[in-house]
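**Student:** For reference, the chains in residue letters:
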Amino acid sequence: MGRRRTGEATGEVGALMTVPQVLHRACDTARELVWIFKGVMGENAYQAYLDHHERSHADGRPMNEREFWRDRTDRQEANPEGRCC
Amino acid sequence: MSKQQGGSHRQDPVLATDPALPPVAVDPQRAEAEERHWTPMKIVLWIAIALLGGVAWTILAVVRGETVNAIWFVFAAVCTYLIAYRFYSKFIERNLLKPDDRRATPAEYRADGKDYAATDRRVLFGHHFAAIAGAGPLVGPVLAAQMGYLPGTVWIIVGVIFAGAVQDYLVLFFSMRRGGRSLGQMAREELGVIGGTAALIATLTIMIIIVAILALVVVNALGESPWGVFSVSMTIPIALFMGVYLRYLRPGRVTEVSLIGFVLLLLAIIGGGWIADTAWGTELFTLDRTTIAWGIIIYGFIAAILPVWLLLAPRDYLSTFMKIGTIGMLAVAIVITRPEINVPAVTEFASTGTGPVVPGTLFPFLFVTIACGALSGFHALIASGTTPKMLEKERQSRFIGYGGMLMESFVAIMALVAALSIDRGIYFAMNSSGAATGGTIEGAVAFVNGLGLTGVDLAPDTLSTLASNVGEESIVSRTGGAPTLAVGIAQIMQGVFGGAGMMAFWYHFAIMFEALFILTAVDAGTRVARFMLQDSIGNFVPRFRDTSWRIGAWICTAIMVAGWGAILIMGVTDPLGGINTLFPLFGIANQLLAAIALAVCMAICAKRGLFRVLWIPALPLAFAAVVTITASFLKIFSPVPAIGYWAQNAAFRDALDAGEQSFGTAQSVEAMEAVVRNTVIQGTLSIVFVVLSIIVIASAIIATIKAYRNGGGTETEDAPVASRIFAPSGLVTTPAEKELQQQWAAVEPARRPARSGH
Numbered sequence: 001m002g003r004r005r006t007g008e009a010t011g012e013v014g015a016l017m018t019v020p021q022v023l024h025r026a027c028d029t030a031r032e033l034v035w036i037f038k039g040v041m042g043e044n045a046y047q048a049y050l051d052h053h054e055r056s057h058a059d060g061r062p063m064n065e066r067e068f069w070r071d072r073t074d075r076q077e078a079n080p081e082g083r084c085c
Numbered sequence: 001m002s003k004q005q006g007g008s009h010r011q012d013p014v015l016a017t018d019p020a021l022p023p024v025a026v027d028p029q030r031a032e033a034e035e036r037h038w039t040p041m042k043i044v045l046w047i048a049i050a051l052l053g054g055v056a057w058t059i060l061a062v063v064r065g066e067t068v069n070a071i072w073f074v075f076a077a078v079c080t081y082l083i084a085y086r087f088y089s090k091f092i093e094r095n096l097l098k099p100d101d102r103r104a105t106p107a108e109y110r111a112d113g114k115d116y117a118a119t120d121r122r123v124l125f126g127h128h129f130a131a132i133a134g135a136g137p138l139v140g141p142v143l144a145a146q147m148g149y150l151p152g153t154v155w156i157i158v159g160v161i162f163a164g165a166v167q168d169y170l171v172l173f174f175s176m177r178r179g180g181r182s183l184g185q186m187a188r189e190e191l192g193v194i195g196g197t198a199a200l201i202a203t204l205t206i207m208i209i210i211v212a213i214l215a216l217v218v219v220n221a222l223g224e225s226p227w228g229v230f231s232v233s234m235t236i237p238i239a240l241f242m243g244v245y246l247r248y249l250r251p252g253r254v255t256e257v258s259l260i261g262f263v264l265l266l267l268a269i270i271g272g273g274w275i276a277d278t279a280w281g282t283e284l285f286t287l288d289r290t291t292i293a294w295g296i297i298i299y300g301f302i303a304a305i306l307p308v309w310l311l312l313a314p315r316d317y318l319s320t321f322m323k324i325g326t327i328g329m330l331a332v333a334i335v336i337t338r339p340e341i342n343v344p345a346v347t348e349f350a351s352t353g354t355g356p357v358v359p360g361t362l363f364p365f366l367f368v369t370i371a372c373g374a375l376s377g378f379h380a381l382i383a384s385g386t387t388p389k390m391l392e393k394e395r396q397s398r399f400i401g402y403g404g405m406l407m408e409s410f411v412a413i414m415a416l417v418a419a420l421s422i423d424r425g426i427y428f429a430m431n432s433s434g435a436a437t438g439g440t441i442e443g444a445v446a447f448v449n450g451l452g453l454t455g456v457d458l459a460p461d462t463l464s465t466l467a468s469n470v471g472e473e474s475i476v477s478r479t480g481g482a483p484t485l486a487v488g489i490a491q492i493m494q495g496v497f498g499g500a501g502m503m504a505f506w507y508h509f510a511i512m513f514e515a516l517f518i519l520t521a522v523d524a525g526t527r528v529a530r531f532m533l534q535d536s537i538g539n540f541v542p543r544f545r546d547t548s549w550r551i552g553a554w555i556c557t558a559i560m561v562a563g564w565g566a567i568l569i570m571g572v573t574d575p576l577g578g579i580n581t582l583f584p585l586f587g588i589a590n591q592l593l594a595a596i597a598l599a600v601c602m603a604i605c606a607k608r609g610l611f612r613v614l615w616i617p618a619l620p621l622a623f624a625a626v627v628t629i630t631a632s633f634l635k636i637f638s639p640v641p642a643i644g645y646w647a648q649n650a651a652f653r654d655a656l657d658a659g660e661q662s663f664g665t666a667q668s669v670e671a672m673e674a675v676v677r678n679t680v681i682q683g684t685l686s687i688v689f690v691v692l693s694i695i696v697i698a699s700a701i702i703a704t705i706k707a708y709r710n711g712g713g714t715e716t717e718d719a720p721v722a723s724r725i726f727a728p729s730g731l732v733t734t735p736a737e738k739e740l741q742q743q744w745a746a747v748e749p750a751r752r753p754a755r756s757g758h
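Residue numbers (the numbering used here), protein chains in the order written: chain A, 1 to 85; chain B, 1 to 758.
Hints were generated in silico from the structure; no laboratory data involved.
No more than 20 Å apart at the CA atoms, straight line, and that leaves these computed lysine to aspartate or glutamate pairs for EDC-like:
(1) B/K98 x B/E35
(2) B/K114 x A/E67
(3) B/K738 x A/E32
(4) B/K114 x A/D71
(5) B/K114 x A/E54
(6) B/K114 x A/D59
(7) B/K738 x A/D28
(8) B/K90 x B/E35
(9) A/K38 x B/D115
(10) B/K114 x A/D74
(11) B/K90 x B/D100
(12) B/K114 x A/E77
Incomplete in silico selection of chain B near chain A, CB under 7 Å:
(13) A111
(14) A117
(15) R122
(16) V123
(17) G126
(18) I210
(19) P251
(20) G252
(21) V254
(22) T255
(23) V308
(24) A313
(25) F378
(26) L381
(27) T386
(28) A521
Here are the computed distance ranges between Cβ atoms for each label pair:
(29) B/M502 x A/H57: 52 to 60 Å
(30) B/E34 x A/R25: 22 to 30 Å
(31) B/G271 x A/A58: 45 to 53 Å
(32) B/W46 x A/A58: 42 to 50 Å
(33) B/P307 x A/A30: 32 to 40 Å
(34) A/R25 x B/V332: 19 to 27 Å
(35) A/D59 x B/G711: 45 to 53 Å
(36) A/R25 x B/V335: 23 to 31 Å
(37) B/P307 x A/R25: 39 to 47 Å
(38) B/V193 x A/A30: 51 to 59 Å
All figures in this text were calculated on a predicted structure; none of them were measured in a lab.
All residues carry an ideal CB built from backbone N, CA and C; glycine is no exception.
Only chain A is shown next, with the shape it has when bound in the complex (with noise of 0.2 Å):
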C-alpha cells in the first residue's frame, strides 16, 4: 500500500524510445491498472481516509486500519447501499 498516488501516464508521446524506456513505460501502466483495479474493489479506502485524516488536521490519532475497516461496515450497516438488478 505505498502512500505514492499513482499519477496518470505523462510521458511524451510521439518520440522514438529505446527498449528499457519502453519497458520502464509497460511497468508504469501495468502498476496504473493493478492501482485501479484495487480501487474498484475498494481496497484503498484506508489510504484514503488517512490521506483525508492527515490532510484536515483533525485532532487525535486516526483509526487503525483494523478499527477503520470495523468503522465501515458498521457504517454500511446503518446506511445500506442498493445494488441494481
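Got chain A; can you put chain B on it based on the hints?
**Tutor:** Same frame as chain A, now just chain B:
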C-alpha cells in the same frame, strides 16, 4: 440555501478560487477551442467510426442476410456509443447541465474520508458500473430475443442513448449539486408532498417486485439442478469465510481475499460436477422449485439481519470481482469466436403478440421486457446514492453517469448476442413455460415444432445431448433467461477455452455468476427497502426511525421479505408458468421508476429555467410514460387472457363457476384457484404502479408548467463552494488538462490540498 432566481438569465455566482493555487478548472475558452478544433486526424477518426457503425447497422437492419455475424452487433453498438458519448452527451453537458469545475463537489466540501471521498474518475467508473450492472441486462434481452434480433438491438442501443444514459447522467448531476441527496428526497423537494409520497411508495413496491422476480430467475435456474444448487449454496460458506478473514485475519486485503474467494468458487463449481455425478449428491441436492424458493426466502431474511461484514460485504466483493472479470472475458470471447446468428431480424411474434416466452406485441412489451440495458429506473437510486458523494469534479459526471450506462448497455448487447447464438429450437424449448411443454423432451419438441417457425425443426436428441453436455438432467422449460444465457455463454466460451468437454463447467460458471449478482441484489434490496419502510413507519411511530433498534429492524425486514417472498412463491407455483406472467411486471416497475426519476429531472430543469432544452429529459419521460402506462393498461384491461391479468382472472373464475375440473394449462381445481388468486395480486399491483406513476408524472408536469409561468423556480441546489482541487474530466486527459496537472504537480505537497489518495 435557496434563492429565487430569474430563469434563463441566471448566472452562476463567480467563485473566488484560491489565487495561490493553480487553476482548478480548464479555462472555458481554452476547452471550447480544443473541442471545436478539428484536426485532420480527428476528422478521419470520427468519419471512420461513423462509417463502420453505418456499415454495421446496414448489415443488421437492411441486408438481413440468412445469417448475421455477431461482430456486427459489437461494431454497431460500440460505434454508436462513441458517437453518442462524444456528441449527444456533450450537447447535454453544454446546454442543459453546464457543470462548473470551479465548484467543489460534495466529496470535496463535505469530505470525511469515508462516505464523502473524492475518488479517481476511473476507479469511480468501476464502482458505479459494479453497482448498476447486475442480472437485469443479462436476462431481459434473452427473453426479448423471441421477437428477432433487430427490435432488441435497436431498443438497447437507441434507448440507452436517449433515455437510459440521460437519466443516469441527469440524476447523478442533480444529486451531486444537492450534496448527494436521494431520489426520494429530491422528489419531495421538487414535486411537493403528494408527488413525493407517491414516489416513495412507488419506489418501495417496485423494489419488492424487482427483488421477487430476480429471485424467481435464480429459482428457475436452480430447480432440479443438483450441480447448480450445490455450487450456488457454497457461495454462502465462501462468503462467510471471506468475511471472517477480512474481519479478524487480514483487514482491508480486499483484492487478496476476493482472489481466494474466486478460487474457492471455481472449486465449488468443479466440485458440484463431481457431486452431481454421485447418487447421494443427486439425492441430496435435487430440490424442487418450491423448496428452493423457501430456501431463498429464509436465506434472504437471515442475510438481511446478519451483520454486514459477515455476509453482505464479502459477497459484494466477490460479485464485483466476478462481474468485471467475466464481462471482460465474454467481450473478448465474442470478438474471438464471432458466432454466426441465424435468427430472423423480426419474427412474427413481434406483431402477433403470441410469443411463448413473454406474451404481447412489440409495442409496448419489447420496451418493458428489456428494461435494464436500455432504461433502468433502479439506476436512479444508485446515481443518487453513493456515486455523487464520491465525484471528484463536476465535469466527471458525464463520464461516470452517461458513460457508465453505455457500458451496461453493452453488457445487454452481449447477452443478446449470446442468446441469439444458440439454436432457435433449443431457445424456445428452454424458454417456453412448463405449462406449454409439460416439462418433457417429447412435449417440448411437439410444442416448438408446432409453433410453425420457418427453419426450426427440433429433434429430441438435440435437447438430450445439450442437457448432458451442460451437466443437467433436462433443459426443457428452464425459463427466466439465466439458463439460456448460460448455454449461450458456454457455447461461446468453450470455443475459446476447453472445447466441448468444458461446456458443463462454463454453463455452471455462468449460472453461478448470475446467481451471485442476484443474491447480492436480493440482500441489498431487502436492506435498502427495510430502511425505507422504517423511515416511512417512523412518520407515525417515531421509534421505528431508530435503525439500530433491533426489534424494529427485524419487523421491517420480515415485512419486506414477506412481500417479495409471497410474490416469489406465487411465481414458482403459478400454473401458467411464472416468468411469462410476472416478467412484464418487473419491466413495467423498473420503467415506471425511470419515469419518476425523469419526471423529477424535468421539474428541476424547468425550475432552472432551461425550457429550450427541456426536451432532453421530456422526450425519454414521454416515451417511458407512454410505454409503461400502455403496458399497464393492457395488463389491466386487455380482453386477451394471456395479456390481461383481469381477463385471465375472469376466464378462470367462469371456468370454476361452470364446475370444470381443469382449464387451459391448469390441471386441477386447486391450480385454477391459484390462477384466480395470482391474477388478482398481479392485476392489483399493475393498478397500484400505474396510479402512483400517473400521480408522480402529473405533479412533475404541474411543477414544470408552474416554473414556465414564473420563468423558473426555487433553486434547490446547495450553495456553491469554491473548489481547491483539479482533476481531468474524461477517460483521456486533454492537452489543456495535462498542462494543469503539471502545474499542480509542481505545487509543494505541503501546500497542496492534495486530491484524495483514493
